[in-house]
Amino acid sequence: MSATEPDKVTANQTGVRPGEAAADAGIRLRVAKSLLRFNTCGSVDDGKSTLIGRLLYDSKALFDDQLATLEADSKKVGTRQGEMDYALLLDGLSAEREQGITIDVSYRFFSTETRNFIVADTPGHEQYTRNMVTGASTADLSIILIDARKGILTQTRRHSVLVSLLGIRHVVLVVNKMDLVGYSQDVFAKIESEYRAFAAEHGMPDVRCIPISAVNGDNVITHSSAMPWYTGPTLMELLESVEIDETRVRDLPLRLPIQWVNRPDHTFRGFAGTMVGGKIHKGQAVRVEPSGNTSRVARIVTFDGDLDEAVAGQSITITLEDEIDISRGDVIVAADSPAEVSDQFEATLVWMDEAALLPGRSYLMKIGSKTVNATIAPLKYKLDMNTMQHLAAPKLDLNEIGVCNLELDREIPFDPYAVNRDTGGFILIDRISNDTVGAGMLHFALRRASNVHWQALDVNKAERATAKGQRPCVLWFTGLSGAGKSTIANLVEKKLHSLKRHTYLLDGDNVRHGLNKDLGFSEADRVENMRRIAEVAKLMVDAGLIVITSFISPFRNERAMARSLVADGEFIEIFVDTPMSVAEERDPKGLYGKARRGEVKNFTGIDSPYEPPENPELRLDTTAASPEHAAESVVAYLRERGLLA
Amino acid sequence: MSLSHLQRLEAESIHILREVVAEAEKPVMLYSIGKDSSVMLHLARKAFYPAVPPFPLLHVDTTWKFRDMYLMRERMAKESGMELIVYKNPEAVEKGINPFTHGSAVHTDVWKTQGLRQALDKYGFDAAFGGARRDEEKSRAKERVFSFRTAQHRWDPKNQRPELWRLYNARKRRGESIRIFPLSNWTELDIWQYLYLEKVPIVPLYYSALRPVVERDGALIMVDDERMPLRPGETPMMKKVRFRTLGCYPLTGAVESEAETLAEVIHEIAAARTSEREGRIIDHDAPSSMEAKKQEGYF
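In order, the protein sequence lines correspond to chains A and B.
Counting from 1, position 562 in the first sequence corresponds to residue 562 in the numbering used here; the numbering is continuous, with no gaps.
For the numbering used here, add 1000 to where a residue sits in the second sequence, where the first one is 1.
If we strip away everything but chain A, and leave its shape as in the complex, we get:
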């Protein structure tokens, strides 16, 4: 927004009224305030909601009608025998009020003479780690609240490590309920020294400790007369004076991820985005990543007129002096301090989904305004959040944290998360459920990435296909064991062969004898099995072949991954739809019998799930049609789609 002086804004043209000037001056003072975002971690019983309620109450952020409601609610559903129960101000969802706990992140707002505040009140229980991470991700400061009677607990350490991983630079340990330990200096000193030792061990940069009583208001806003031995700032004094992270980000190199290319007509081509690092000015030399093209800033365009300069935190639109190709997801950086570009990284991951993270599986990764495919390599370790030990782990479950390498399908510009949250933080999205399943923080690029550049070959896929006189594709058969996949796939290959087509049939059992003989049947091994088959199918399509695959391939996610490896229209998912009861009755290999007797583990349909396709290109009902008929309908489909001339 512009910094220009507003005119006198009058409603009904009554001219300048007495009191208008005073009101105007008042507004100008208020709007000059800065904004601090912080979050609060602690458990239900530490008095977290009471503390926030107290901050709202004492900073007069509550209105009379809200206070009246609070008084009535305190009497009705309060947990403090009819006394004001500040927690009721915050626990908004009816489920939370009934259970007396805080499940989800709740955002609150208050202001003082010098600052405005946004508080993210985050739940403390381990099962809500993902909600806590959500609230902490945008915070400049974290308050970690503990009960003076209990001291530092396992969860205090867990919260501290989490906020430290999230790169929050200011941490305040608030020791609450000092009134219940007789305002004892010894109790506080012991807690403080223990916490400082822990913080030093984990490299937390700025740690403060404050003894308070939220219920009585000691050291919250005003200094406590009950604790004259404490000479540090009150909690509010600290909140009003601590440095805001955006100020630091402004001194970093220029980073402008492009969100939207603005082309209202052929005369204007602007690049819109939010500045996440440094400053930008007219005439500045910039570089576009990952393409490496360079130019200079022609204009910084806003609704209120052009700007000469913009800084981190602002949402802007720029134009460049040269016509170069830029699209959403590209990042404009300073020509003299570009970001690193890579496609392989080490990162910390926080897992946020009920379904575990499986190494080898591919997820969508959103970083800045770019979305790419990411494959997770086996975990280096997971963090035991109670002992802080590194443990070997095959997967990450909900709320677990681990470190691993990731491989992307293309190069992206980035900064380490510790330097810049916006160019180093990412989310992982499940391609089937579309849910946000994980959050991550990039550490560094793996050097070996630059040594395995894709080799561009002179003879390409189109030329190889032309030589064979055919259009390559993948016929991906999926279905239960005994559904009839192999039988039909075989018939299809015979028919295509007789039509002089170059084909190759990849069959589940055959592949497991060679390429994949090191893999078993656990969920993780099944994911890896599919990944290798999908990659082989891709290479064969590249060679110009019609590839036929016959695997149970029970998970939607891996089928979607296989689809994403080839071009649009080249992947034909064929669902051999045979009811479980029919397949089990056929049982050509006697496997269902073994599985029922417990001799075979992780058998699809019995103790491992099968996720049927939602939109297969073709569905074959084997109870209604013979294998011969089914194979014929596959060939007919290929003709219809123009894949068979």
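Just so you know, these hints were derived from the structure itself, not from any lab.
The beta-carbon is built from N, C-alpha and C at its ideal position, and this holds for glycine as well.
A hint or two may mislead.
[Claimed, not checked] To give an idea of the chain A side of the interface with chain B (calculated C-beta under 8 Å), a few residues:
no., residue
1, Ala23
2, Leu35
3, Phe109
4, Val133
5, Trp260
6, Ser315
Following the hints, position chain B against chain A.
Relative to the frame of chain A, chain B by itself:
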């Protein structure tokens, strides 16, 4: 010198607006003509300048808004150059649903909640911007900026996606739609101050003037047109009043005030001791009534 509080809020909202336009198939902006909608529309014009915001405005009309609101709606559609879609639930039109004979709950449900669902389905909008703020109400304080609705337009508050940093996941399952709240982190006072600094036009009802009102169930209700049935003993009296929030005129309480300019309104609000929702009659049902309405598909 750091960015001011309002500059940061503005930048965040613009970022959200652009992100939705880049990722959604068919976005729309819910435009209710009130002060929050006015700020949201202004931010959209800034976000896409010099282009006109690449989505239409949708007003889910109840036919019971203040007359001044309809005037402002037409003016802003013209000024912004955006397409304006006005939707009125045909069932409500046919049955003549109104707050007097059907009560405020039925009136709101049929015109607004059902009307909104019908309009979104009819035009196939998959993402709708709304002007709700987290400081308005407790269940809103817990809602994400990108809030997903099932194909039946229901909200599941216990199953919200984590929302980290500036990264918004706009991918949805088939049939789902998203409500996006770019003003989530604004407070009522921020809205007023921003309107002032940016000189955004707002409906004159927000400024105090002599207006015909009756006192009904403890609220001052403006007699805005001849459709308002007067109860025995009620005679409209001229009082100097303004509104802190605007909706259907029979359901919106006025406050007595001397504030005739925006600066004076802000001055009064900064010193105010009651929240703006007190003037909204639909909130005064059972506790958690807003959460229940939202689960049903109220915006």
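Would you check whether Trp260 (chain A) satisfies its interface hint, that is, whether its CB is within less than 8 Å of any CB in chain B?
5 Å, holds
Restraint: Val133 (chain A) near chain B, CB-CB cut 8 Å. Satisfied or not?
7 Å, holds
Is the hint on Phe109 (chain A) kept, meaning its closest Cβ partner in chain B is under 8 Å away?
At about 5 Å, which falls below the 8 Å cut-off, the nearest Cβ of chain B leaves the hint on Phe109 (chain A) intact, so it holds.
Using 8 Å as the Cβ threshold, decide whether Ser315 (chain A) counts as touching chain B.
It holds, given that the least Cβ distance between Ser315 (chain A) and chain B is near 4 Å, below 8 Å.
Under 8 Å is the threshold here; is the Cβ of Ala23 (chain A) close enough to any Cβ of chain B for the hint to stand?
Holds: closest Cβ of chain B sits about 4 Å from Ala23 (chain A), inside 8 Å.
Does Leu35 (chain A) meet its interface restraint, that is, does its C-beta lie within less than 8 Å of any C-beta in chain B?
Holds, because the Cβ-Cβ distance from Leu35 (chain A) to chain B comes to roughly 4 Å (cut-off 8 Å).
Violated hints for the displayed structure: none, as all numbered hints are satisfied.
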